[in-house]
Amino acid sequence: MSPRNSTTGLELDDTTIRSRRDYCELTDDDLVRLRSLRGLAENHADRIIESLYELMLSREHTRKFFPDEATIARVKRLQRKYFLELFDGRCDLEYVENRLLVGAVHERIGLGPAWYLGTYRRYLDSLHQYFYAELAADEAAAAFASLQKLVWFDVSLAMDAYIFANSDAIRRHQAALRELSTPVILVHDRILLLPLVGTIDSQRAQQVMDTVLLRIVEEKARCIIIDIAGVPVVDTNVADHLVKTTAAVRLLGAQTILTGISAQVARTIVHLGVDITTMHTLSRLQDGIELALRLVGKAIRPRKGSARLAPRES
Amino acid sequence: MTARRCHQLPIAVEDDIIVVRRAVRTLAEAHGFDTFASAALVTATSELTRNAWSHAGGGVATIDVVEEGNRVGVRVTLKDSGPGIADLPAALSGGFSTARSLGLGLSGSRRLVDQFDLQSTVGQGTTVEILKWKML
Amino acid sequence: MRGTIPILRIDGVLLAAVQVELRDAVAEAFQVDVLTAIESERARGLVIDITGIDVVDTYVARILTDTGRLAALMGTETVLVGMRPEIAATLVRMGYPMQGVRTALDLEQGLRLLRRSRRATVGKYGRGPA
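Protein chains in written order, with my numbering: chain S, 73 to 386; chain P, 134 to 269; chain U, 77 to 206.
Check before you lean on any hint, since a few could be wrong.
Reference listing, derived: stretches of chain U covered by chain S, where coverage requires no fewer than 3 residues with Cβ under 8 Å from a Cβ of chain S [said to hold, decoys possible]:
#1 166–173
#2 176–189
List of simulated lysine to aspartate or glutamate pairs, EDC-like, C-alpha gap at most 20 Å [said to hold, decoys possible]:
#3 S/Lys292 x S/Asp307
#4 S/Lys292 x U/Glu184
#5 S/Lys153 x S/Asp210
#6 P/Lys267 x S/Asp240
#7 S/Lys148 x S/Glu132
#8 S/Lys316 x S/Asp347
#9 S/Lys316 x P/Glu147
#10 S/Lys292 x U/Asp125
#11 S/Lys221 x S/Asp86
#12 S/Lys292 x S/Asp273
#13 S/Lys292 x U/Asp182
#14 P/Lys267 x P/Asp220
#15 S/Lys136 x S/Glu126
#16 P/Lys267 x S/Asp282
#17 S/Lys370 x U/Glu184
#18 P/Lys267 x P/Glu147
#19 P/Lys267 x S/Asp273
#20 S/Lys221 x S/Asp282
#21 P/Lys212 x P/Asp167
Derived contacts from chain P toward chain U, CB cut-off under 8 Å, selection only [to be verified]:
#22 Glu147
#23 Ile151
#24 His164
#25 Gly165
#26 Phe169
#27 Ala172
#28 Val175
#29 Thr176
#30 Ser179
#31 Glu180
#32 Pro222
#33 Arg244
#34 Leu245
#35 Gln248
Everything labelled a hint here was simulated from the structure, so no lab data went into it.
Using N, Cα and C, we set each Cβ at its ideal position, and we do this for glycine too.
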């Protein structure tokens, strides 16, 4: 098995290529035919590329990707080479990797699938004209049919490349979101606070436990307050996750205080028969903080004498 | 789903359990498993490998890297030619045990992985296959 | 095998740091060593440091809880310290939360726990046997 292609995320081995070719009904005969048209393609390559860039430079959206003459010249050269590869008469791993590379480069600079497809449309359009102008009708038809198959084959790869790049970005965002969604705060020496907000599915629950445990070790916490006032639904699963987290927290020698329990949630927990005797449970976060302080041997008390601090001068 | 065989290791002596565990851990970490996911897979592996050693007189462990779509996972298969498990439902339902019996190990391991498949024939042996995906 | 896991005396309690793989022979020897030490040192507490253990399956969990039970039978309270977070998570997810075993984050907190516990016991029953 060949290594995973980093551009599309596909396994690009000969088997995959063969099955895609097969689905496009792209045969060796097609490739041989295209190879035989190489001369024709070379004759018209410059004109075809010129008109393609005329199109791109005349449209505002695509013009901005070609800021100067040097860039345009370089890109035209690469594009010509890319165009002529359609007539190389091969469709192997190397051909495929070259195609994908170009797609990846364009995706990175922001030229999306629309551009990719638009370019191929241009090629097909231009070549259709030249085929029918220079070849006998039946030859032209056969040539065009072969060309279309290869173009669709290329496009299918390009789509995979774009989708992979997209889903990669989504994955990274999701990872970042997950990190933000479990903010474990050190509110006092050895006391952590986790305000849970939003729904807790099993993946998030797992992440919550992992993060809580890491933070306890990090801060040598003796207790963690988990406030669930912001969790809209507390069902068996959520309750179960809280029980498990409490058990794991205990194994690190710390205690869990659950706060933000509404009357509704209290009824649900009792009704479900979940055993929450292993954790302290309270309705108000404030009470949770006071309990936490007591557990670590501290308390909040009023200051003696001229109590309040004066507000700062602005 | 495609798989790549990475290790095939014997389970003959007690120390082999550690060898199998270490191979799984190294592979999991190489493929980006975080400490928690790695610990879960390695613990399940340890549990099942020990079963093969202590209850079945030994066997073979194979470790594969598996790919499906965009995700990657590690699959461990423990195969023994021991006595087999007579009462499968009981064994899988868990519960504690004081003697050297299967007890909690099987059901506990199952909870730690994403896929768990057990085939057992009395008199012929047992094959357990576990798989854990790397969370994306 | 005896002495594979060294047992030290610190602050009136026994401290054993498990830094090797727990195999049958090693585990048995360890338990014998612990009981011997409790007898000869008359320690009132035992701290088992498992910072060095990277996998706790039911086999290892059972050894640790059994050791705690053996010590308790001889009047010595046990505290497990240094459990790695991923091990705590795995034990709980497996369904084996090791209830009945006292735990603390590290040696310092473990010793504090034993001291508090000892004070409470002495308070309840007066001075124990000398």
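Are any of the numbered hints broken by this structure? If so, which, sorted upward? Violated hints: 3, 5, 9, 12, 14, 18, 20, 21, 24, 25, 32, 35; rest satisfied.
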